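Protein chains: 2
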Amino acid sequence: MDNRPIGVFDSGVGGLTVLKEMKRILPAENFIYVGDTARVPYGVKSRSTITKFASQIMDFLMEKDVKLIVVACNTVSSNSLSYLKSRYRVPVIGVIEPGVQLALDRTKNRCVGIIGTQSTIRSHKYKELIIRQDRKIRIFEKACPLFVPLVEELLFDHSITRLAIKGYLQEFRARKIDTLVLGCTHYPLLTRALNRFFQGKVNLISSGYSVSLVVQDILSKKRLFSGRRKKGSIHLYASDLNENFRKLSRVVLSDSSVKMQLISFD
Amino acid sequence: MDNRPIGVFDSGVGGLTVLKEMKRILPAENFIYVGDTARVPYGVKSRSTITKFASQIMDFLMEKDVKLIVVACNTVSSNSLSYLKSRYRVPVIGVIEPGVQLALDRTKNRCVGIIGTQSTIRSHKYKELIIRQDRKIRIFEKACPLFVPLVEELLFDHSITRLAIKGYLQEFRARKIDTLVLGCTHYPLLTRALNRFFQGKVNLISSGYSVSLVVQDILSKKRLFSGRRKKGSIHLYASDLNENFRKLSRVVLSDSSVKMQLISFD
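Chains A and B are the protein sequences, given in the same order. Heads up: the first sequence runs through residues 1 to 266, numbered per my numbering. Heads up: the second sequence runs through residues 1 to 266, numbered per my numbering.
For the record, the hints were derived by calculation from the structure and aren't laboratory data. Treat the hints with care, as some may be off.
When chains are identical, the list treats them as one kind, so a pair holds in a single copy or across two.
[Unchecked claim] Here are the simulated lysine-lysine pairs, BS3-like style, with alpha carbons at most 27 Å apart:
| # | residue 1 | residue 2 |
| --- | --- | --- |
| 1 | K142 | K221 |
| 2 | K221 | K176 |
| 3 | K222 | K247 |
| 4 | K52 | K231 |
| 5 | K108 | K136 |
| 6 | K45 | K247 |
| 7 | K259 | K127 |
| 8 | K222 | K45 |
| 9 | K259 | K108 |
| 10 | K166 | K52 |
| 11 | K231 | K247 |
| 12 | K230 | K176 |
| 13 | K230 | K52 |
| 14 | K230 | K85 |
| 15 | K247 | K127 |
| 16 | K136 | K64 |
| 17 | K230 | K166 |
| 18 | K176 | K136 |
| 19 | K125 | K231 |
| 20 | K67 | K221 |
| 21 | K142 | K230 |
Quick caveat: nothing in here was measured; it's all calculated off a predicted structure.
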């Protein structure tokens with residue numbers, strides 16, 4: 001039994017969807033979330049800068065005495081994960097490998113789509129990891145740069161969003177993918193619109209759900225579950241407490257007891 | 001007469017619309033454009049960082065022996081312009097004041113809309129400068145965060161774009177503005193869609209056009225016009241020569257003789 005909190009961080013607001021899913025699956029745990037909203041987006045930065053920023057956040061979380069850290073950010077997961085894993089003495093879990101594993105488990109026709117930001121798709125990280133385990137799988141990749149601003153405008157199921165989904169994903173539908181990896185932590189907020197577009201016939205693989213399963217497994221194996229009987233707490237930190245962050249955290253977590261605080265990395 | 005080039009820079013690709021307009025109005029001039037595409041967007045960065053980055057670009061342009069520099073970036077213009085003007089010995093022109101001046105000249109009903117990115121609108125810079133000259137003018141402001149990604153996806157007049165315009169600007173239409181300041185250098189690419197939405201009844205004030213008039217005036221007063229009789233050249237530099245930059249520069253400038261080169265600020 002271990003009552004220390006779990007740390008979760010992202011370059012911005014997207015990781016809140018991961019936090020939400022973890023909270024759903026591990027309700028008795030305490031969570032500390034850091035969003036580096038003053039320095040978002042990480043996707044355009046060099047690897048050394050990304051690793052430096054991530055280390056600053058990890059140091060902050062370690063001071064808060066977390067028992068495990070989830071890197072709820074595709075850019076950090078694909079650039080800096082092995083460095084972070086080697087440097088910190090708590091388990092560090094990224095968002096990419098759990099998503100890959102779940103996609104491989106779920107696909108039946110072995111025809112899988114991957115969507116993400118331009119930098120994630122350009123890195124081909126998901127594709128590489130999937131093909132490493134199954135050479136014969138058919139993979140379709142598509143960058144969807146409009147999805148993040150649409151989510152940040154809270155247009156989760158708006159007619160604009162439906163047009164954007166059609167524009168980006170009609171080829172995936174034509175190719176009859178049966179599994180779609182949401183390679184960006186913003187995208188789970190488009191679940192309803194995506195399900196409608198695919199008529200519910202495609203498995204949507206969200207980082208939040210796949211990571212939560214992995215975390216649950218580690219807590220179980222290492223006997224790190226909290227012994228708390230009541231609901232755990234959520235504490236949010238952001239390097240810029242802008243309207244965007246407040247808005248999305250309200251919408252995503254729909255929990256008014258969440259504490260919110262400014263953090264500085266200067 | 002002065003055959004030195006004119007320098008133009010932006011945090012990314014948006015300033016290309018300013019370059020295009022300057023080229024149209026001053027065809028015999030040579031232009032050097034710098035887009036800091038590796039470090040875009042500037043809007044989320046601190047003022048000191050923005051000034052540092054802008055100075056690095058200005059130093060590069062000075063080494064290229066430019067006769068005048070246009071800061072084709074709203075973020076730099078609103079944060080660092082007076083510092084840059086005082087530090088460099090060539091004329092330095094930002095995008096905000098020329099746009100304000102042209103809007104004041106053009107409006108008849110003194111009912112003006114201002115659109116831009118979240119950081120530009122939050123700064124209220126355009127509004128302040130307009131009101132300083134005419135206290136009775138009615139100003140409506142609106143951040144339009146979807147417009148930049150729509151432009152970068154080349155969806156200039158797509159049904160998605162039309163829906164976004166309607167969503168953001170129907171209040172402006174209801175208020176019967178007669179002048180709209182495009183407070184972001186990406187937005188002139190939406191001119192056709194905006195004109196259709198406003199049925200051609202609203203003056204669209206683009207930075208490119210208003211800045212070009214100011215530059216023309218300075219060149220004339222200081223006798224700095226090029227003596228060239230043929231078309232001048234365009235040389236583009238970008239800190240990341242990504243697909244986005246190549247694509248937009250092709251579309252915006254539609255000139256295959258443009259030279260393109262990588263530049264590093266490390």
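Just pull the numbers of the violated hints for me, sorted ascending. 1, 2, 3, 4, 7, 8, 9, 10, 12, 13, 14, 16, 17, 19, 21
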